[in-house]
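First to last, the protein sequences are chains R and Y. The opening residue of the first sequence carries number 1339 in our numbering; numbering runs sequentially from there. The opening residue of the second sequence carries number 80 in our numbering; numbering runs sequentially from there.
Keep in mind the hints are simulated off the structure, nothing from the lab. Only a predicted model underlies this, so the values are computations on that prediction, with no experimental measurement involved. Watch out, some of these pointers could steer you wrong.
Stated by the list, open to error - Straight-line Cα separation of at most 25 Å, PhoX-like style, residue types lysine-lysine; simulated pairs:
(1) Y:K177 <-> R:K1421
(2) R:K1355 <-> Y:K180
(3) R:K1355 <-> Y:K268
(4) Y:K361 <-> Y:K268
(5) Y:K268 <-> R:K1421
(6) R:K1481 <-> R:K1456
(7) R:K1456 <-> Y:K359
(8) Y:K361 <-> R:K1477
(9) R:K1549 <-> R:K1369
(10) R:K1477 <-> Y:K359
(11) R:K1468 <-> R:K1481
(12) R:K1481 <-> Y:K361
(13) Y:K268 <-> R:K1477
(14) R:K1481 <-> Y:K359
(15) R:K1454 <-> Y:K268
(16) R:K1355 <-> Y:K177
(17) R:K1347 <-> R:K1421
(18) R:K1477 <-> R:K1461
(19) Y:K268 <-> R:K1456
(20) R:K1588 <-> R:K1360
(21) R:K1481 <-> Y:K268
(22) R:K1410 <-> R:K1454
(23) Y:K359 <-> R:K1425
(24) R:K1360 <-> Y:K177
Stated by the list, open to error - Non-contacting residues of chain Y with respect to chain R, defined by C-beta distances greater than 10 Å in every case (computed):
(25) F90
(26) M125
(27) V129
(28) K138
(29) L248
(30) L321
All residues carry an ideal CB built from backbone N, CA and C; glycine is no exception.
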Amino acid sequence: MNNTKITVKNLDLMIGKHHILKDINTSIPEKKITVIMGPSGCGKTTLLKSFNRLTDLYPEVRLNGQIMIDGKDVLHTREDITKIRKKMGLLAQRPYPLPMNIYNNIAYGLRISGRKRKVWLSKRVEFYLKQVSLWEEVKDRLKEPAARLSIGQQQRLCLARGLAVEPEIILADEPTSSLDPISSQAIEEKFIELKQRYSIVLVTHILRQAKRIADHVIFMYLGRIVEQGPAEEIFNNPKKEITMSYLKGKFY
Amino acid sequence: MRKMKYIEERFFRVLMFLSTCLIVLVLFLIVFSVLYKGLPALSWEMISQVPKGGFYFGKEGGILNAIVGSLYLSVGATFLAFVIGLPVALFMNVYLVKHKKLLNTIRFFLDLLWGVPSIVYGAFGFAIMLFFGLRTSLLAGIITVSLFIIPIIIRGMDEVFKSVPRGLLESSLSLGSTRSETSYRVFFKQGIAGVITALLLSFGRAIGDAASILFTTGFTDHMPSGLSQPVATLPLSIFFQLSSPIPEVQDRAYASAAVLVFIVLIISLLSRMFSNVYHKNKIQF
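For reference, chain R alone in the conformation it holds in the complex (with noise of 0.2 Å):
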């Protein structure tokens, strides 16, 4: 197998009383798309956001077990939190550009990150657009607000706001639920071109979309992982038998 970002070990997660991860061990390849699928509330986003710990931000939330990152565990660590989730590109289940214009939506990361030179920023900020083919629609547009764009070109200013800091990972949360076939196509095709310099986790239920692009999958159901493999295994000759009636359809 090839190398490995992510390794979790042992990970549980409760919320309250609830024990919504139970014992996840896993590992996500570099460079590739990974697809974490799985029924609805069986904790694909939970997990998703445990790694780049969003989950400090919920009420009650308590996490045990290790998450490691380039060998690194972020959850027992005295590193700046901020660095540690600047790896990690997200792309939310619907966007959420911020609140100002298109080109500063890029130039934010870029800002804080103590990059201030206008000729650099324009320039990157150019770049960027590109990469989700997003320039040659806004070019003429850059000082309107982003809440102008329509939901699917929000979509991809977000992947480029995120691409701009320079991560290493992207998650992806159903990134195309509020999306139109075409838009959805759009960032699809992205993926597939990006995965050779980030790595990839997406979770999604749509079952064909990940078909389309996993090359790694992990199936989760009630918090915990049933199956993970190669894609073609897991879709081909699943072991399980929850895993097979997922892929047949069964249940949701």
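Got chain R sorted already, so can you dock chain Y onto it with the hints?
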């Protein structure tokens, strides 16, 4: 069965319509009575001069000292309350999001403070002044009034920042911003229209309140001359004129009230314009 539903719907619709009418009517009556009694007595002299000898007995002069004093007092107090309140409201919604119980407790106490009558703040301010051996002054008034409006301004802004979606907070943090960068560059921008509304609300309370400044600001017939000097204020000016037995002076009280209404109106319009300018960047969810 269907008929019952129809009647029910009809009944509540009429009820809502009537109560809306009632509120508009009362508002209209208040403004109308103030203007009806006040406008005839309102003159250029009234708003451009300070009281001269015998002003409170119907002689010459105006209420310029009270207009300027009230503006100084409420602008000062609103500014002070804003400077203290903004970080608190941001802290509650960006730093304390994980601590739901603590947040609920803080909100409960702020609501309690909001409900405390302003005369209690006046008495508290007075006690502090006595303790430090201060005289009635503009500064004492500003501090007392800002104490009184801080809960209002914090809760006003808190409600605004509370409605900022969690996803925006998560997105901002995922870009590697610290919580303070998220506070001032994302939350503040997203909520600016609401922040301005909160400012306006507390300014309105500050300029219109008489009880909290009764003991702390004092009163004078001169123009405000410094932070450590007493200043005149519109609510107290109205109070003194209205308690006069002379009808002419009473009419002037209504004129002063009309001035107060105009100031609040102008401030509202200005802040509406101002908030519209910033509203365009807000993301609608």
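query: Checking the smallest CB distance to chain R, is V129 of chain Y really beyond 10 Å?
result: Holds: least Cβ distance 46 Å, greater than 10 Å.
- prompt: Would the pair K1454 of chain R and K268 of chain Y pass a check requiring their Cα atoms to be no farther apart than 25 Å?
  reply: 20 Å, holds
Check on L321 of chain Y being off the interface with chain R, judged by Cβ distance over 10 Å: 47 Å, holds
- prompt: Just checking, L248 of chain Y versus chain R, shortest CB gap more than 10 Å?
  reply: 7 Å, violated
- prompt: Given the proposed pairing of K1588 of chain R with K1360 of chain R, does the C-alpha separation stay at or below 25 Å?
  reply: 24 Å, holds
query: Is the hinted pair K1477 of chain R and K359 of chain Y satisfied, with a Cα-Cα distance of at most 25 Å?
result: 19 Å, holds
message: Just want to verify: K138 of chain Y was marked as not at the interface with chain R; is every Cβ pair farther apart than 10 Å?
response: At roughly 56 Å from the nearest Cβ of chain R, K138 of chain Y sits farther out than 10 Å, so the non-interface label holds.
task: Assess, step by step, whether the Cα of K177 of chain Y is no farther than 25 Å from the Cα of K1421 of chain R, and give holds or violated.
output: It holds: about 21 Å lies between the C-alpha atoms, which stays within 25 Å.
query: Does K1355 of chain R pair with K268 of chain Y here, judged by a C-alpha cut-off of 25 Å?
result: Status violated; Cα separation ~37 Å.
query: Does the structure keep K1360 of chain R and K177 of chain Y at a Cα separation of 25 Å or less?
result: This hinted pair holds, its Cα atoms lying about 22 Å apart.
field: Given hint K180 of chain Y paired with K1355 of chain R - CA-CA distance at most 25 Å
entry: With Cα atoms ~16 Å apart, K1355 of chain R and K180 of chain Y stay inside 25 Å; holds.
message: Checking one constraint from the list: CA of K1549 of chain R to CA of K1369 of chain R, max 25 Å. Satisfied?
response: Holds, at about 18 Å.
Hints 3, 22, 23 and 29 from the list above are not met by this structure, while the remaining hints are.
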